[in-house]
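**Q** Protein chains in written order, with the numbering used here: chain W, 1 to 138; chain L, 1 to 121.
Source of the hints: derived by calculation from the structure; they are not laboratory data. Glycine included, C-beta positions come from ideal geometry on N, C-alpha and C. Heads up, a few of these hints could be off.
Simulated DEER-style distance windows between Cβ atoms [as the list claims (entries may be wrong)]:
| # | chain 1 | residue 1 | chain 2 | residue 2 | range |
| --- | --- | --- | --- | --- | --- |
| 1 | L | Asn77 | W | Glu97 | 30 to 36 Å |
| 2 | L | Glu39 | W | Asp17 | 48 to 54 Å |
| 3 | W | Arg14 | L | Val59 | 56 to 62 Å |
| 4 | W | Leu93 | L | Phe6 | 28 to 34 Å |
| 5 | W | Lys98 | L | Pro95 | 31 to 37 Å |
| 6 | L | Phe12 | W | Glu84 | 43 to 49 Å |
| 7 | W | Gly73 | L | Glu118 | 20 to 26 Å |
| 8 | L | Asp82 | W | Val36 | 24 to 30 Å |
| 9 | L | Asp82 | W | Lys98 | 33 to 39 Å |
| 10 | L | Thr78 | W | Phe28 | 36 to 42 Å |
| 11 | L | Val79 | W | Asn77 | 35 to 41 Å |
Listing some non-contacts, in silico: residues in chain L with all C-beta distances to chain W over 12 Å [unchecked claim]:
| # | residue |
| --- | --- |
| 12 | Val59 |
| 13 | Lys65 |
| 14 | Ala73 |
| 15 | Thr76 |
| 16 | Val79 |
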Amino acid sequence: MFKKRKQGRTKKHRKGDIPTGSFSDIAFLLIIYFLVATTLVKVKSITADLPAGEKSNQTQSEKTPVIRLSTNGIRFNDKDVDVELLNERLAALELPEKEESKRTIMLESEKGTPYDLYFQAFAAISSNGGLVALVEEE
Amino acid sequence: MGDIAFLLIIFFLVCSEVSKDKANVRVTLPESEKVEKMEATVVARIAVSEDGEIYFDGVRVDGAKDVEWGVRALLTNTVTDDQRHVQFKCDANLPKETFEPVLKAIAEAGGIIEAVGEKTN
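One chain only, chain W, in its complex shape (with noise of 0.2 Å):
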């Protein structure tokens, strides 16, 4: 009786197939992707073209505008100055129209002045079409 039951059943066979139609869209997607993450890396910053080369009394004009670091803040000229007004100075100062010689301001700082004030100082100078010439020590 067993038997005969077992040899009435009918097996079903299913097929397996993995629907692959789409893999070509997936892929295209994903290169697409590649191509446009990739060309996206883009780092943040200012330029400063520093002169190089000793500093020279005759070149350098007793009129250049000069900035003073230090860890109490921003001398411009000697005068103090946040990094508001120092940008307006400069502004004021019209570098973009002067020509190269005339377009160098003076940056000196102090000893353990924090590289975040001298970016400051360099951000303004470098926005307004100014050149930083660093001042040594003696």
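Given chain W's structure and the hints, the job is docking chain L onto it.
**A** Chain L in isolation, oriented as in the chain W frame:
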């Protein structure tokens, strides 16, 4: 079609370089409203970490003199100003004595400094 697409994916995965900042240099970047996205191609990447160590293209160097020689060597065959850009990354809290020699070294070697910072929100 799918095979070609997957080959292209593998090609991009192998060839693309997401970032050339290979060194894991710990740096707190300074902030400014004036920073802009860097358009120039840089010839070298100099970094000064928060503990004052100097890295040249991800490799630690002993001092500013090494930076000067390295940049000078890279700039020997340069013709235009566009080829003189050097990326400079430095920790915001470092004192002048640590980073200024590096800045001077880059300038002495003829590099145009691209100082990296974050945009103030």
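**Q** Determine which of the earlier numbered hints do not hold for this structure and return their numbers in increasing order.
**A** 4 and 9
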